[in-house]
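Visitor: Start from the sequences, fold in the hints, and give me the full structure.
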Amino acid sequence: MGTPILELQNISKQFPGVKALDDVHFEMQAGEVHALLGENGAGKSTLIKIISGVYKPDTGVIKLEGQPVQFNNPHEAQAHGIATIYQELSLYPELTVAENIFMGHSPHRRIGPFNVVDWRKMFEQAREILDSLNIHDLDVRRKLSTLSVGNRQRVEIAKALSQNARILIMDEPTAALTEADVVRLFDIVRLLRERGVGIIYISHRLHEVFELADRVTVLRDGQYVDTKLVKDTTEDDLVSMMVGRTIDNLFPKLEAEIGKPVLEVRNLERKPMTRGVSFTLRAGEIVGVAGLVGSGRSELAQTIFGITPPDSGEILVDGQPVTINSPAAAMNHGIAYVPEDRGTQGLVRQMRLRENISMAILRTLTQQGFINRKAEAELAARSIKQLNIRAYSVDQVANKLSGGNQQKVVVGKWLASQPRILIMDEPTRGIDVGAKAEIHRLMSELAQQGLAILMISSELPEILGMSDRILVMREGKIVAEFDRSEATQERIAAAMMSAAAPNNANGVPQPAAMQEA
Amino acid sequence: MTVIEASSQALSLNQRIRALVFSQEGVLLLITIVAVAALSALSEPFRSVENFLNQGRLLTEIGLVALPMTYIIITGGIDLSVGSIFGLTAVILGYTWQNLGFPLELAIITSLIVATIAGFINGWFIVRVGVPPLIMTLATLALYRGLAEGIAQARSARGYPDWFYQLGQRDLLGVPTQLWILIVAAIIAAIILARTPFGRSLYAIGNNETAARFSGIPVGRNKMLIYAFSGLMAGLAGYIFVSRVSTTRSDMGTGLELDVIAAVVLGGTSIFGGTGSVPGTIIGVILIQLLKNGLSLTGVTGDSTIVVIGTVLILSILVNNFIQRRSGRMSS
Amino acid sequence: MAAITREKFQRSAAASSADILKRLANQEVILLAAIVLLTLFVSLYEMGALGRAQPRFLSERNVVLVLQGNAYIAVAAIGMSLVIISGNIDISVGSLIGVLAVVGGNLAVWLDKNSLPVWIAWIAPLFLGGLAGAVNGFLVAYLRIPAIVVTLGMLSILKGGLISVTGGEWIKDLPTSYFLSQQRPLSGLPEMLGNPEGFLGYLASVIGQLPVPVYAMFILTIAAALWMKYSAFGRSVYAVGGNAEAARLSGLSTQSIVFRVFIINGVFVGIASVLFATQLSIIQSTVPAGVELLIITSAVVGGVSILGGTGTAVGAMLAAILLSAITAALLFMNVSPYWTKAFQGVLILITVLADIVRRRRQARQISG
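Residue numbers (the working numbering), protein chains in the order written: chain A, 1 to 517; chain B, 518 to 849; chain C, 850 to 1217.
Mixed in with the good hints there might be a few duds.
[Unchecked claim] Stretch by stretch, here's where chain B covers chain C in the computed footprint (C-beta under 8 Å, at least three residues):
{"#": "1", "region": "996-1006"}
{"#": "2", "region": "1055-1064"}
{"#": "3", "region": "1191-1198"}
For the record, the hints were derived by calculation from the structure and aren't laboratory data.
No residue lacks a Cβ here, since even glycine has one placed at the ideal position from N, Cα and C.
Guide: Set out below in C-alpha cells:
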C-alpha cells in the first residue's frame, strides 16, 4: 500500500462531561471504501466532524497524503477535497439540480460588461457529472424540492464531485432510502472507488458493510477497537467488537414486584412508522425497547402519548380502553413521556427551572386560577432534592444547566405529574456517567414503587442492565421479545440489525419470524 | 448540601434590582422619566394634570389593542389586521344602528361579536391551516378594511344618543371613562400573563412550541384564543373611538397596527417571541403618547413627532441588544 | 416496488407532456390566466348583462389605464421580491416613495428656476433611495435588528420627517418637462403604420398611448428577471433565503448579500417614486396610504414565499396588473368601488391558500 490518502493519529476530543474520542486512529487508502462502525454514542459522528472540519481535535494529527493539515472550518476541509454527505441534506430546495451542484462556483460567461451565469454550460456540466455517475434519468433543470430523498442524495454526491472531492464521507446514506435507491447508490459508490476516491461509509446495516466495504474500523465508547479487512471478518465478529464490553455496575437494577398490566397496546397503527404494534406493560416492570435509529421507537412512544394520535388499534389503561388524541388526554390517564430530544422537545431552555418543572401540571398548582408561586417553588425544590439537580436556585434558567441536570429537570417535570406509566425515550443520551447512574437508580426506585416504565434506548448495555423484558423494533414493528434472563447483546443486536431473518452461530431464537408470519 | 438549601430561595433583592434596571422595561422607564422631566421643564401646559388626563384619553385605543398584541408577539406571531378590525367594528356599529335599525346596544354587541369572529378567523387559519401569521393577517388587513369600505359606501353614521358619548368623551370620577377601561384591562391582562397557567403557556409557546405541545399544553387552542382576543380588543377600541369622535368612517384605524406593534416592541417584547410583559407594553404606549404630546407642545409640529418614535424604537432595540450581549458574556 | 420506482424515473426522464404542463403550472401562468379570465368575464358581462355593444373594459383607454395604474407598484414590488426572497421584509417602502416624490418634485422646481436640466430630478431619488436602503440594510444585516422592527422605525422616521420638513405644503408649479410619466414614446405608431384598421389598429393605438411608466415596468421587470436568473448575486439571494445555514457553509457572506439586497430595493423604490411623482400635477406632502401593503401583496401574490427562498419579478408584475385590473373590472361591472379592497383581500387569501395546498401536495408526493 502507498501513502494513505487520509490518516488520523491519536485523535482525542473532550466535551463538557464526556470524553467523545480517546486516542483514536484511522487510516484510508485512495480507492477504498472504509466502513466506520460503532453503537450510537461510540464517537463516529465526532470523528467525521473532525475530519470534515466542524470540530477541531484536542490532540492528534490529521494527515492528507502524508502532509499534516489543520482545518479551522468546514470550508477549509472542502478546499482540501473532503466532502461530507450528512443525513440532513445541505441543499437549496428552491433551486435547480444544476445550481445545487454548482452552488458557489457556477460557470460564468461575459456578455459585454456583464458577467453572467452560463446556464447552458452549467446544465451541460451538471449533465456530464451526473452521466459520469451513470445517472441518466435526473433532469438537471428540475427544482430540488420536487425530487425524492434518493435523488436529492445523488445530487449531493454530484455536488461533492463538482468540487473534485478526493475523500467522501457518507453518514448513514441508506437510512431513508428505498430498496431501489440503495442499489443505485451502491453502484455510484463502486464507481467512485474505481476512480480513486476514498470513501468513509457509516451504516448500521451490517450486510451493507459486507457488500460494499474493503476495510472496517470499529469504535466503542470513544475508543478505537480495531481495523480489519472485511473479507477476514464476520457479522458476529463485528457485533461483538461493537458491543463487547461487560455490563458494569452502572445499572443498579433493583428487584421490583411485578403487578397487574397497566398499559396494553393492541395493533396500534400510525403510518408510516407505527405498524401494528402490540405489547403489555405491568406495574413495577421496566420494559426496554431496542432498535436502530429510524426503527419507529420514538414514533410509537409519541403515538401512545397522543402527539401523533393512532389511526387504528387499541390502548388499554388498567384494562379499560381509552382514547388518546392529545398529550393532555394521555396525562389524564396517568401517562408521562420524557422525550428523546431534550433541547427541542423536553425543555423550554430559555425559561426557569421552576417554570420547566411545573409546566405539565401548572393547572393543579393554582389558587382561584392563579399560579401558586410558593407551591411551584416548593415543587421545584422537592424535585431538585429528589433528583439531586445541581442548580443554585429554582429561578435558574434551564439553559445554564449541564446536560445531565437538564435531563433531570425533564424527568422531574414528568414525575411531578405523578404518572403510573412512564415512557422514557433515550433517558441518558449525552449525559455524563454520574448523572446516568443517578437516573438509572431513580428508575429502579420508581419501579419498586409500582410505576410501569417503558424505556427506549440505543445503548444495549442500558437496555440489558435496566429491563425486565426487552422488545426489539425494526421498520415500525416489534420483531423480537426477550426475557431478561435470555437476552444477550449479540441476540438483541442481531434482531435489530439483520434485515433478513437472523442466522448466526449463537442460534438466536426466532420470535421475529413468528411475529411477522 | 448548601446548594440545595440555596436553591429554594428566591432571588435576592440586589439581584432583582439589577435585573429590573438592566431589563428593557427598566431602560424604558428611565427614558420615560427623563422625557417627562425634560418636557415638563420645557413646557408649562405639558405638566398640567389636565393634559396628562387628556393624553390618557388619547392613548386608550392603542393601549387596548397593544394588550393582546403583546400576547401574540410573545407566542412568536403577529397581527397586522387590528387596524382593519378597528375600522370594521366602527362601520358595523354605525351600519347596523342607522341602516338596519338595530337598537344601539344591540349594534354595539353585534359589532364586538363581528370583531371577535374576525380575530378568530385569523387564529383558525394560522393554527389549523398553517398560514404564517404575517401573511394571514396581511390578507385580512385588506379583506376586513375592504368589508368596512364596502359596507360603509363612504357614508358615515352620526347623531348618536347622548349616553353613547359617556365612554369616549366624558369623565368618571374625574378620569376619562375609557381610561378606566384601559386600566382595568391592563391589570387583568398583566395578571393573566404573569400569574396564570394560560399566561405561562404563551411564553412556553414562544420559546419552544414543540416542548410546549409535548408538555400537554393546548397550543392550538391557546393561539386561537389570543387572536380572537385581539379581534375583540380591536373592536372595543373601535367602539371607544367612535364614541370619542362621534362618527363612524370606514378608514378609521388605518395604520393602527404599526403604532401598536411599535409600542409593544418598544416595551421590550421581542419580535421573535418568548419574552415581554404587559407593564413594558404600557410604558411603551405611554412613552409614545407623551413624546407625541410633549414635542408638539414644545413647538415641534404635529406628525413630525413620530420621527422621534421611530428613532427611539430602533435605538431602544439596539441598546437592549447591546445589554443582552454583554450580560450574556458576563454570565457565561 | 423497485420496478415501479424505476419506471417513474424513466418517465420523468423523457419530457412528457405532463411534465411540460407541470412546469407551466406555476404562479406566473396562474396569474396570467386569472387576468385573461377576468377580462373575458367582464367583457361578456358587459355585453350580456349590461347590454353594451362594445365592452368598455377592453377600450384602448382602459387597457392603458389598467397597465399604468399599478406600474410604480410593480416596480417597487421587484425590490420587495428580492427583500422577501432573502428572508426579510421592508414596510418602509410606502413612506420612502412619499419622501422621494417630494424631494424629486422640489428638486425639479428648483432646477427649473435655476435653468438646470430637470432630468436630474429623475435621477437623484434613485441615489437617495439606495442610501435609505443602505441604512435599513446596515441595521438588519450587521447590527442584527429584525427587519420588521428596523423598517417600522424607518417608516415612522420618514413619514414624520416628511411632514415636519415640508410642513405639509403641496408642490405646485412643477415644470412641464418633469412629467416623465405623461410622455408617450410611441404616440406616432398608428400614423407610422398608416392608421391600420381592425385588431392591428387597436393594438397600435394601445401601444401608442402607453406612457413611460408602463415601459419602465416591462423593461425593469424583464431586466430584473434576467439578472436574478443570470447573475451569481441573484442566485445567492435565493440561496440565503432558502437555506441560510447551508449558504454560510458554502462560503457565501449572508450579511453582505442582505445588505446589498436592501440597497437594491432602495433604488427600485427610488425609480417607483419617480414614476409616481411624475404622473401627478400636484405632489402632496403626505405619504400615500397603504402603498407598502399593495407592494408586499403584489410580491406575495406574485409567488414570492414570505418564508423566503422563492419567487420571481415577473410574478410580482403580473400580480400588480391583476390588482389594478380587478379595480377596473368592478368599475365596469357597476360594482361599487368601495368593495375593491374586499375583493383584493379575498384574492390574496385564495392565492396564499393555493400556494400552501400546492406545497403540501408536493411534499406528500415526494415522501409517498
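Visitor: All hints, please: hold or fail.
Guide: Results of checking the hints against the structure:
1. 996-1006: holds (count 9)
2. 1055-1064: violated (count 0)
3. 1191-1198: holds (count 7)
Violated hint for the displayed structure: number 2, the only one.
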